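Undergrad: Given these sequences and hints, build the entire structure.
So the protein lines, in turn, are chains A and B. Just so we're aligned, residue 1 is where the first sequence starts under UniProt numbering, counting upward by one. Just so we're aligned, residue 1 is where the second sequence starts under UniProt numbering, counting upward by one.
These are calculated hints, taken from the structure and not from any lab test. Since the model is a prediction, treat every value here as computed from it, not as a measurement. There may be inaccurate statements among the hints.
Claimed, not checked - The calculated SDA-like cross-link candidates involving lysine to any residue, where the alpha carbons are at most 20 angstroms apart (straight line), are: (1) A:LYS64 / A:ASP44; (2) B:LYS84 / A:THR198; (3) A:LYS163 / B:LYS84; (4) A:LYS163 / B:GLU269; (5) A:LYS202 / B:THR80; (6) B:LYS84 / A:ARG204; (7) B:LYS131 / B:ASP165.
Unchecked claim - Output of the computed footprint for chain B on chain A, the stretches with three or more beta carbons under 8 angstroms from beta carbons of chain B: (8) 138-152; (9) 221-235; (10) 254-267; (11) 272-281.
Ideal Cβ positions, reconstructed from N, Cα and C, are used throughout, including at glycine.
In case you want the letters, here they are:
2 protein chains.
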Amino acid sequence: MTAQTGQTQSHDERIIISVDAMGGDEGPAAIVAGCDVSARKNPDVFFILHGPEAEISALVARRKSLQGRCEVRDATGVVTMDDKPSQVVRNSKGTSMWSAIEAVRDGSASVAVSCGNTGALMALSMIRLRKLPGVNRPAIAVLYPSSNQQGFNVLLDVGADIKADADDLLRYALMGMSYARNGLDLPRPRVGLLNVGTEEHKGRTELKEAFDLIKEQQDPAGFDFVGFVEGGDISGDLCDVIVTDGFTGNVAIKTGEGTANLVGNRLREAFRYTPLSRLASLLAYPSLRRLKKKIDPRRVNGGVFLGLNGTVVKSHGSADATGVSSAIKLAAQLAHIQFTDKLAARVAGLPAEEKAQ
Amino acid sequence: MTAQTGQTQSHDERIIISVDAMGGDEGPAAIVAGCDVSARKNPDVFFILHGPEAEISALVARRKSLQGRCEVRDATGVVTMDDKPSQVVRNSKGTSMWSAIEAVRDGSASVAVSCGNTGALMALSMIRLRKLPGVNRPAIAVLYPSSNQQGFNVLLDVGADIKADADDLLRYALMGMSYARNGLDLPRPRVGLLNVGTEEHKGRTELKEAFDLIKEQQDPAGFDFVGFVEGGDISGDLCDVIVTDGFTGNVAIKTGEGTANLVGNRLREAFRYTPLSRLASLLAYPSLRRLKKKIDPRRVNGGVFLGLNGTVVKSHGSADATGVSSAIKLAAQLAHIQFTDKLAARVAGLPAEEKAQ
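TA: Quick look at the structure:
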C-alpha cells in the first residue's frame with residue numbers, strides 16, 4: 001500500500017532517498033525528525049519512508065518541511081537488533097528494512113538509509129541488490145576523523161565480513177579510493193594497507209599478496225599506494241584511505257570511539273575539579289562547543305555499503321535527528337554524484353579474479 | 001667484562017633490574033636518567049646496566065642516586081630498530097639487548113627492561129629464556145587507560161605474534177588474569193574475549209572455540225568470564241582483561257593512541273581560537289595538567305612479555321627519563337611479587353594441550 005502525504009513536485013535535480021523509518025533505537029519520531037532537518041537544509045531532497053503507514057503519516061503531517069516531499073510505503077514488520085541475519089533473509093519480506101532496500105532495487109530511490117541491525121541490513125542488501133560484477137565481498141566504509149586536510153579518512157571494511165583475502169583487499173582499495181575521490185573530492189587519493197608494521201616483510205600472508213596487487217593498480221586506477229600503515233595512521237595524515245579486513249576494522253573504529261569518549265569524560269572531570277577550572281570551562285565554552293561539533297560522531301554518521309548494485313547508508317542504531325540527517329546528507333551527496341555507477345565502472349575495470357593471474 | 005661503579009649494599013628486599021642501556025631512540029643518557037628517577041623514588045631497586053662500559057659508567061658517575069647501586073656489564077653491539085628478528089637471533093651475542101636478557105637467564109636480575117626493537121627483543125627472549133611449559137605463543141600485555149576503578153585494563157596480545165589459535169587465546173586469558181591479579185591487585189579479574197559483536201554465534205571459528213575453553217576455566221582458575229566484548233570495551237569498565245590475537249591488539253592500541261592524540265591536538269587548537277579561550281586555558285592550566293598526567297602514555301610505559309621463564313618489560317622506543325622510570329617501576333613491582341613464578345604456576349596448572357581434549 002502506498003500513501004502520498006502531499007503532491008510531489010517535478011524537479012530536474014530531485015534526489016529521492018529511501019528511508020527505513022523503523023530500525024533505530026529512538027523509534028520513528030527521531031527518524032522523521034532527521035528527515036525534517038535534511039528537508040529544511042536541502043530543497044532537492046525527497047523521501048520515501050517505510051513503516052506502518054498510519055504512524056509514519058501522522059509523524060510526517062506534523063512537519064511542514066516534509067509536506068509534498070514524502071511518500072510513505074506501508075510496512076508493518078520490523079527487523080530488530082536481535083534478529084540473526086540468516087533469519088532475516090528468510091522472513092523479512094514486508095518489514096520496513098526490506099521495503100527500504102526494495103525502493104532502491106526497483107529504481108524509485110537512488111540510495112537507502114537505515115538505522116537498523118547492520119548484519120541484517122547487509123544480508124538483505126546483498127540478496128536484493130546483488131553484488132557488483134567482480135566483487136566477492138562487499139565492504140562497509142566509514143569516514144574516520146583525521147589530521148588530514150579534509151578532516152577525515154576513509155576506513156574499510158569495518159564489519160561487512162570478518163574475513164578478507166588478498167583479492168578482496170584489492171577491491172576494498174579500489175572501492176575506498178572511488179569513495180574518497182567522489183565523497184571527499186580527492187582527485188588522487190593516497191591508499192594505505194593496515195598492518196602491524198610498515199616493513200614489507202611483516203604481517204600475514206594475505207597482506208603481503210595484497211600489497212603487490214594494490215601496488216600494481218595504483219597507476220592504472222589513479223591513486224597513490226603508500227604501502228603498509230599502522231593503527232595510528234587511521235587518524236593521521238599519511239594516507240586518505242585505509243584498507244583492512246572487517247574484523248580488524250570493526251575493532252579499530254570501536255576502540256577509537258571508546259578512547260575518544262574516555263578522553264572526553266576525563267576532560268569534563270578535569271574542568272569540574274576546582275572553582276577556577278569551572279570558571280575556565282565557562283569562558284572556554286564556545287571553543288569547546290566548536291570542538292565538540294567538529295569531532296561529534298553524530299555529524300559523520302553513516303557507514304556506506306560498497307560493492308552492491310545500489311548504495312545503502314547504515315546510520316548508527318542510536319542516532320537522533322542530528323545523526324539521521326547527517327546520514328541522509330551523505331546519502332544525498334552520493335545520489336547526486338551517481339556514485340553507484342561510478343563505483344561499478346571502477347570495480348568492473350578489473351578482471352574478475354585478479355588474484356588468479 | 002664487568003665494572004662495579006661502587007659498592008653494592010646487602011639488603012633483604014633488594015630488587016635487581018637488568019636494563020638495556022642502548023636500544024632507545026633517545027640514547028643511553030635518557031635511559032640512565034630514567035634509572036636515576038627510579039633510584040631516587042625506590043631505595044630497594046638496584047641496576048645492572050648493559051652497554052659500552054666507558055660510556056655508561058661515565059653517565060652513571062654523574063648521578064648521585066646511582067652510586068653503589070649500579071653494575072655495568074660491557075656490551076659493545078647494539079640491536080637497531082631496523083634489524084630483522086631472524087638476523088638478531090643469529091648475530092646478537094655481545095649486544096646490550098642480549099646481555100640484558102642474559103642477566104635474567106643467569107639469575108643475576110629478576111626482570112629485564114629494554115627500549116629496543118620489539119620483534120628482536122621478543123625473538124631473543126624466546127631463544128634465551130625459553131617459553132614456560134604449556135605456552136605455545138608468548139604474549140605482550142599492556143595497561144590500557146580505562147574507566148574502570150583501577151584506571152587501566154590489561155590488553156593482550158598486542159604484537160608478540162600475528163596469529164593466535166583457540167588454545168593460545170585461553171593461555172592469554174590465564175596470563176592476563178594473573179597479570180591483573182598481581183599487577184593491578186584485582187583478586188578476581190573479569191576477562192573478556194575481543195570480537196566484533198557480543199552474540200555467541202558471531203565471529204571467527206577460533207573465537208567460538210576459545211569462548212568455550214575460557215568459560216570452562218573461569219571457576220577453577222578464579223576469574224569471571226564476561227564473554228565476547230567489543231573494541232569500545234578496551235577503554236571501558238565491563239572487564240579488566242581483554243584477550244585478542246597480536247594483530248588485532250596491535251592495531252587497537254595504535255588506533256587508540258592515534259585517536260587520543262588527535263583529540264588532544266584539536267583541544268589545543270580550540271583553546272587557541274579566541275582571546276577568551278586563551279584566557280580560559282590559562283585558568284584551566286592546573287586541571288588540564290592533572291588530566292595530562294593522568295592520561296600521559298609515558299606514565300604507563302611498558303609492555304610485559306608473558307609466557308617466558310623470566311619477565312621482560314618492553315618500554316617505548318621513544319621513551320624519555322619519565323617513560324623509562326615508569327617501565328622500571330613496573331619491572332620492580334613485578335620482581336617484588338615474584339610474578340614469573342606465580343605466572344608459571346598458573347599456566348602450568350593446565351594440561352599442555354587443553355584444546356586437544
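Undergrad: Each hint needs a verdict: does it hold in this structure or not?
TA: Hint-by-hint comparison with the structure:
1. A:LYS64 / A:ASP44: 16 angstroms, holds
2. B:LYS84 / A:THR198: 13 angstroms, holds
3. A:LYS163 / B:LYS84: 28 angstroms, violated
4. A:LYS163 / B:GLU269: Not OK: LYS163 of chain A and GLU269 of chain B at ~39 angstroms, beyond 20 angstroms, violated.
5. A:LYS202 / B:THR80: 17 angstroms, holds
6. B:LYS84 / A:ARG204: Holds, at about 16 angstroms.
7. B:LYS131 / B:ASP165: Holds: LYS131 of chain B and ASP165 of chain B sit about 17 angstroms apart, inside 20 angstroms.
8. 138-152: holds (count 3)
9. 221-235: The restraint on the stretch 221-235 of chain A holds, since 6 of its residues have a Cβ under 8 angstroms from chain B and three suffice.
10. 254-267: Answer holds; 14 residues pass the 8 angstroms Cβ test.
11. 272-281: With 7 residues closer than 8 angstroms to chain B, the stretch 272-281 of chain A meets the three-residue bar; holds.
Consistency with the previously given hints fails for numbers 3 and 4, ordered from lowest to highest.
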